[in-house]
Amino acid sequence: MPLRVNLPKSASVATLTEDGKLFSSSAARNVQAIVSLVRQRAPMRGNALELASGTGQHIVELARATPGLNWQPTEIDSHRRESINAHVAHTGLSNIALAMELDATAPGWSTKNNEQDFILLANLLHLISETETKTLIREASLALAPGGQLIIYGPFKRNNNLTSEGDLTFHTSLQATDSEIGYKNNEDVFVWGKEKGLTSSIQIDMPANNLAICWRKPH
31 MPLRVNLPKS
41 ASVATLTEDG
51 KLFSSSAARN
61 VQAIVSLVRQ
71 RAPMRGNALE
81 LASGTGQHIV
91 ELARATPGLN
101 WQPTEIDSHR
111 RESINAHVAH
121 TGLSNIALAM
131 ELDATAPGWS
141 TKNNEQDFIL
151 LANLLHLISE
161 TETKTLIREA
171 SLALAPGGQL
181 IIYGPFKRNN
191 NLTSEGDLTF
201 HTSLQATDSE
211 IGYKNNEDVF
221 VWGKEKGLTS
231 SIQIDMPANN
241 LAICWRKPH
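Count along the sequence shown from 1, then add 30; that gives the number in my numbering.
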(Lines of atoms letter the chains of each structure in order from A and count residues from 1; the text may use other names and numbers.)
(Lines give C-alpha, C1' and ligand atoms only; values in the text may rest on other atoms or scores of the structure.)
Protein backbone atom coordinates (compact mmCIF):
# COMPACT_ATOMS: atom_id res chain seq x y z
CA MET A 1 0.00 0.00 0.00
CA PRO A 2 1.17 3.58 -0.31
CA LEU A 3 3.17 4.27 2.82
CA ARG A 4 1.03 6.38 5.13
CA VAL A 5 3.06 8.30 7.68
CA ASN A 6 0.13 9.87 9.53
CA LEU A 7 -1.48 6.76 10.96
CA PRO A 8 -2.25 6.76 14.69
CA LYS A 9 0.42 5.08 16.79
CA SER A 10 -1.96 2.25 17.65
CA ALA A 11 -2.19 1.24 13.97
CA SER A 12 1.25 -0.32 13.55
CA VAL A 13 3.52 -0.57 16.57
CA ALA A 14 6.80 -2.50 16.36
CA THR A 15 10.08 -2.27 18.24
CA LEU A 16 13.53 -3.17 16.90
CA THR A 17 15.46 -5.86 18.75
CA GLU A 18 19.23 -6.22 18.90
CA ASP A 19 19.29 -8.97 16.28
CA GLY A 20 17.58 -6.83 13.63
CA LYS A 21 14.09 -8.21 14.07
CA LEU A 22 11.05 -6.03 14.57
CA PHE A 23 8.66 -7.20 17.27
CA SER A 24 4.96 -6.35 17.37
CA SER A 25 2.98 -7.30 20.46
CA SER A 26 -0.25 -7.42 18.46
CA ALA A 27 1.33 -9.84 15.97
CA ALA A 28 2.48 -11.99 18.87
CA ARG A 29 -1.03 -12.04 20.32
CA ASN A 30 -2.80 -13.19 17.18
CA VAL A 31 -0.19 -15.43 15.56
CA GLN A 32 -1.42 -18.70 17.06
CA ALA A 33 -5.01 -18.06 16.02
CA ILE A 34 -3.89 -17.29 12.47
CA VAL A 35 -1.62 -20.34 12.32
CA SER A 36 -4.44 -22.57 13.55
CA LEU A 37 -6.77 -21.15 10.90
CA VAL A 38 -4.24 -21.66 8.11
CA ARG A 39 -3.53 -25.24 9.18
CA GLN A 40 -7.25 -25.98 8.91
CA ARG A 41 -7.87 -24.21 5.60
CA ALA A 42 -4.68 -24.26 3.51
CA PRO A 43 -3.69 -27.06 1.11
CA MET A 44 -1.08 -29.56 2.22
CA ARG A 45 1.30 -28.58 -0.58
CA GLY A 46 1.85 -25.78 -3.05
CA ASN A 47 2.80 -22.13 -3.30
CA ALA A 48 1.68 -19.73 -0.59
CA LEU A 49 1.87 -15.94 -0.71
CA GLU A 50 1.57 -13.70 2.32
CA LEU A 51 0.67 -10.13 1.46
CA ALA A 52 1.92 -7.33 3.71
CA SER A 53 3.97 -9.64 5.92
CA GLY A 54 4.83 -6.89 8.39
CA THR A 55 7.48 -7.75 10.96
CA GLY A 56 7.88 -11.38 9.84
CA GLN A 57 6.55 -12.90 13.07
CA HIS A 58 3.63 -14.57 11.31
CA ILE A 59 5.42 -15.98 8.27
CA VAL A 60 7.97 -18.00 10.23
CA GLU A 61 5.28 -19.65 12.36
CA LEU A 62 3.13 -20.30 9.30
CA ALA A 63 6.02 -21.94 7.46
CA ARG A 64 6.89 -24.03 10.49
CA ALA A 65 3.29 -25.24 10.79
CA THR A 66 2.84 -26.01 7.06
CA PRO A 67 6.05 -27.65 5.83
CA GLY A 68 4.47 -28.68 2.53
CA LEU A 69 3.83 -25.08 1.49
CA ASN A 70 6.49 -22.88 -0.08
CA TRP A 71 5.94 -19.43 1.42
CA GLN A 72 6.73 -16.08 -0.19
CA PRO A 73 6.57 -13.12 2.23
CA THR A 74 5.99 -9.68 0.74
CA GLU A 75 6.19 -6.17 2.14
CA ILE A 76 6.38 -2.64 0.72
CA ASP A 77 8.45 -1.22 3.59
CA SER A 78 12.20 -1.89 3.32
CA HIS A 79 12.78 -1.90 7.09
CA ARG A 80 10.11 -4.53 7.51
CA ARG A 81 11.58 -6.62 4.71
CA GLU A 82 14.87 -6.58 6.61
CA SER A 83 13.04 -7.71 9.72
CA ILE A 84 11.26 -10.50 7.85
CA ASN A 85 14.58 -11.77 6.50
CA ALA A 86 16.10 -11.63 9.98
CA HIS A 87 13.23 -13.71 11.37
CA VAL A 88 13.55 -16.19 8.50
CA ALA A 89 17.33 -16.52 8.86
CA HIS A 90 16.96 -17.25 12.56
CA THR A 91 14.64 -20.21 11.93
CA GLY A 92 16.69 -22.02 9.30
CA LEU A 93 13.46 -23.07 7.58
CA SER A 94 13.82 -23.96 3.91
CA ASN A 95 10.22 -23.33 2.84
CA ILE A 96 10.35 -19.51 3.10
CA ALA A 97 11.84 -17.26 0.43
CA LEU A 98 13.45 -13.92 1.12
CA ALA A 99 10.94 -11.09 1.49
CA MET A 100 9.89 -9.57 -1.81
CA GLU A 101 8.98 -5.92 -2.36
CA LEU A 102 5.29 -5.76 -3.26
CA ASP A 103 2.56 -3.18 -2.89
CA ALA A 104 -0.58 -5.29 -2.54
CA THR A 105 -2.78 -2.31 -3.44
CA ALA A 106 -1.05 -1.61 -6.76
CA PRO A 107 -2.56 -2.78 -10.04
CA GLY A 108 -0.68 -5.49 -11.91
CA TRP A 109 1.26 -7.34 -9.21
CA SER A 110 -0.58 -10.58 -9.98
CA THR A 111 1.14 -10.94 -13.36
CA LYS A 112 4.48 -11.77 -11.71
CA ASN A 113 2.99 -13.71 -8.79
CA ASN A 114 0.42 -16.00 -10.34
CA GLU A 115 -0.39 -19.68 -9.81
CA GLN A 116 -0.62 -19.28 -6.05
CA ASP A 117 -2.36 -22.12 -4.22
CA PHE A 118 -2.92 -20.03 -1.10
CA ILE A 119 -2.86 -16.30 -0.33
CA LEU A 120 -3.09 -14.79 3.15
CA LEU A 121 -3.55 -11.17 4.18
CA ALA A 122 -3.73 -10.15 7.83
CA ASN A 123 -4.52 -6.78 9.39
CA LEU A 124 -4.34 -4.48 6.39
CA LEU A 125 -7.81 -3.66 5.05
CA HIS A 126 -8.56 -1.14 7.80
CA LEU A 127 -5.38 0.76 6.87
CA ILE A 128 -6.22 1.21 3.17
CA SER A 129 -9.01 2.81 1.19
CA GLU A 130 -12.01 1.11 -0.39
CA THR A 131 -10.51 1.60 -3.85
CA GLU A 132 -7.23 0.03 -2.73
CA THR A 133 -9.11 -2.86 -1.13
CA LYS A 134 -10.95 -3.62 -4.36
CA THR A 135 -7.67 -3.54 -6.28
CA LEU A 136 -6.04 -5.89 -3.77
CA ILE A 137 -8.90 -8.40 -4.01
CA ARG A 138 -8.86 -8.24 -7.82
CA GLU A 139 -5.12 -8.84 -7.99
CA ALA A 140 -5.30 -11.67 -5.44
CA SER A 141 -8.06 -13.35 -7.45
CA LEU A 142 -5.91 -13.15 -10.58
CA ALA A 143 -2.85 -14.46 -8.72
CA LEU A 144 -4.64 -17.58 -7.45
CA ALA A 145 -4.32 -20.84 -9.31
CA PRO A 146 -7.62 -22.61 -10.09
CA GLY A 147 -8.86 -24.06 -6.81
CA GLY A 148 -6.62 -21.72 -4.81
CA GLN A 149 -7.77 -20.04 -1.61
CA LEU A 150 -7.65 -16.48 -0.32
CA ILE A 151 -8.04 -15.59 3.36
CA ILE A 152 -8.31 -12.01 4.63
CA TYR A 153 -8.06 -11.64 8.40
CA GLY A 154 -8.59 -8.61 10.58
CA PRO A 155 -11.13 -6.27 12.15
CA PHE A 156 -14.34 -5.57 10.25
CA LYS A 157 -17.68 -3.90 10.62
CA ARG A 158 -20.53 -6.42 10.86
CA ASN A 159 -23.59 -5.42 8.86
CA ASN A 160 -22.22 -1.86 8.86
CA ASN A 161 -21.95 -1.81 12.66
CA LEU A 162 -18.89 -1.55 14.90
CA THR A 163 -19.48 -4.16 17.57
CA SER A 164 -17.15 -3.12 20.40
CA GLU A 165 -15.97 0.08 22.08
CA GLY A 166 -12.39 -0.76 21.15
CA ASP A 167 -13.29 -1.11 17.47
CA LEU A 168 -15.23 2.15 17.53
CA THR A 169 -12.30 3.99 19.10
CA PHE A 170 -9.75 2.56 16.69
CA HIS A 171 -11.91 3.13 13.60
CA THR A 172 -12.54 6.73 14.68
CA SER A 173 -8.82 7.36 15.19
CA LEU A 174 -8.05 5.97 11.73
CA GLN A 175 -10.61 8.13 10.01
CA ALA A 176 -9.39 11.17 11.90
CA THR A 177 -6.04 10.81 10.14
CA ASP A 178 -7.41 9.74 6.73
CA SER A 179 -11.12 9.73 5.95
CA GLU A 180 -10.62 7.10 3.22
CA ILE A 181 -9.38 4.38 5.57
CA GLY A 182 -10.97 2.54 8.48
CA TYR A 183 -12.91 -0.67 9.05
CA LYS A 184 -14.52 -2.24 5.98
CA ASN A 185 -17.98 -3.77 6.14
CA ASN A 186 -17.88 -7.57 6.01
CA GLU A 187 -20.79 -7.83 3.58
CA ASP A 188 -19.17 -5.38 1.15
CA VAL A 189 -15.94 -7.37 1.18
CA PHE A 190 -17.84 -10.56 0.35
CA VAL A 191 -19.44 -8.79 -2.62
CA TRP A 192 -16.09 -7.46 -3.88
CA GLY A 193 -14.68 -10.98 -3.86
CA LYS A 194 -17.71 -12.39 -5.66
CA GLU A 195 -17.42 -9.68 -8.30
CA LYS A 196 -13.89 -10.93 -9.02
CA GLY A 197 -15.05 -14.50 -9.53
CA LEU A 198 -14.22 -15.90 -6.09
CA THR A 199 -16.66 -18.41 -4.60
CA SER A 200 -17.22 -20.64 -1.55
CA SER A 201 -17.02 -17.56 0.65
CA ILE A 202 -17.32 -18.11 4.39
CA GLN A 203 -16.78 -15.98 7.47
CA ILE A 204 -15.02 -17.34 10.55
CA ASP A 205 -15.14 -15.60 13.92
CA MET A 206 -11.66 -15.13 15.35
CA PRO A 207 -10.34 -14.03 18.77
CA ALA A 208 -10.26 -10.34 19.75
CA ASN A 209 -13.37 -9.62 17.69
CA ASN A 210 -11.59 -10.25 14.39
CA LEU A 211 -12.93 -12.10 11.35
CA ALA A 212 -11.41 -14.33 8.70
CA ILE A 213 -13.09 -14.03 5.30
CA CYS A 214 -12.26 -16.99 3.07
CA TRP A 215 -12.76 -17.58 -0.66
CA ARG A 216 -11.84 -20.15 -3.27
CA LYS A 217 -11.12 -19.62 -6.96
CA PRO A 218 -13.16 -22.02 -9.10
CA HIS A 219 -11.37 -24.74 -11.07
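Please keep in mind that the hints were generated in silico from the structure rather than gathered at the bench. Beta carbons are placed, not taken as given, at the ideal position from N, Cα and C, and that holds for glycine. Worth double-checking, as some hints may not be accurate.
Per label pair, the in silico range of CB-to-CB distance [to be verified]:
1. Leu-46 to Pro-248: 39 to 49 angstroms
2. Ser-55 to Thr-121: 17 to 27 angstroms
3. Asp-218 to Leu-46: 31 to 41 angstroms
4. Ala-127 to Ser-209: 20 to 30 angstroms
5. Ser-124 to Asn-189: 37 to 47 angstroms
6. Lys-142 to Pro-248: 36 to 46 angstroms
7. Pro-248 to Ala-136: 23 to 33 angstroms
8. Asn-125 to Asn-189: 22 to 32 angstroms
9. Thr-202 to Lys-142: 36 to 46 angstroms
10. Thr-229 to Met-74: 14 to 24 angstroms
11. Asp-49 to Ala-127: 17 to 27 angstroms
Straight line, CA to CA, 25 angstroms or less: simulated BS3-like cross-link-like pairs of lysine-lysine [claimed, not checked]:
12. Lys-224 to Lys-142
13. Lys-164 to Lys-226
14. Lys-226 to Lys-142
15. Lys-142 to Lys-187
16. Lys-226 to Lys-187
17. Lys-187 to Lys-164
18. Lys-164 to Lys-142
19. Lys-224 to Lys-164
Requested in this report: Take the C-alpha atoms of Lys-164 and Lys-226, compute the straight-line distance between them, and say whether it is at most 25 angstroms.
Outcome: With a Cα-Cα distance of about 9 angstroms, the restraint between Lys-164 and Lys-226 holds, given a limit of 25 angstroms.
Report task. Return holds or violated for the Cβ distance of Asp-218 and Leu-46 against the range 31 to 41 angstroms. Result -> 36 angstroms, holds
Requested in this report: Kindly confirm whether 39 to 49 angstroms is satisfied by the beta carbon distance between Leu-46 and Pro-248.
Outcome: 43 angstroms, holds
Query - Beta-carbon spacing of Pro-248 to Ala-136 - inside the hinted bounds 23 to 33 angstroms or not - result: 25 angstroms, holds
Requested in this report: Could you see if the CB distance from Thr-202 to Lys-142 stays within 36 to 46 angstroms?
Outcome: Once the Cβ atoms are compared, 38 angstroms apart, the range 36 to 46 angstroms for Lys-142 and Thr-202 holds.
Query raised in the report: Going straight from one Cα to the other, do Lys-226 and Lys-142 come out at no more than 25 angstroms?
Result: 19 angstroms, holds
Report task. Go ahead and decide if the range 17 to 27 angstroms is satisfied by the Cβ distance of Asp-49 to Ala-127. Result -> Given about 20 angstroms between the Cβ atoms, the range holds.
Report task. With respect to the beta-carbon atoms only, verify the hint that Lys-142 and Pro-248 lie 36 to 46 angstroms apart. Result -> Given about 23 angstroms between the Cβ atoms, the range is violated.
Requested in this report: Given the hint that Lys-164 pairs with Lys-142, test it: the Cα-Cα distance must not exceed 25 angstroms.
Outcome: 19 angstroms, holds
Requested in this report: Look at the Cβ atoms of Thr-229 and Met-74 and judge whether their distance stays inside 14 to 24 angstroms.
Outcome: The hint (14 to 24 angstroms, Cβ to Cβ) holds, given that Thr-229 and Met-74 are roughly 21 angstroms apart.
**Report entry** 25 angstroms Cα cutoff - pair Lys-224, Lys-164
**Finding:** 11 angstroms, holds
**Report entry** 25 angstroms Cα cutoff - pair Lys-224, Lys-142
**Finding:** Distance ~23 angstroms between Lys-224 and Lys-142 Cα, so the pair holds.
The structure fails to meet hints 4, 6, 8, 15 from the earlier list, while all remaining hints are met.
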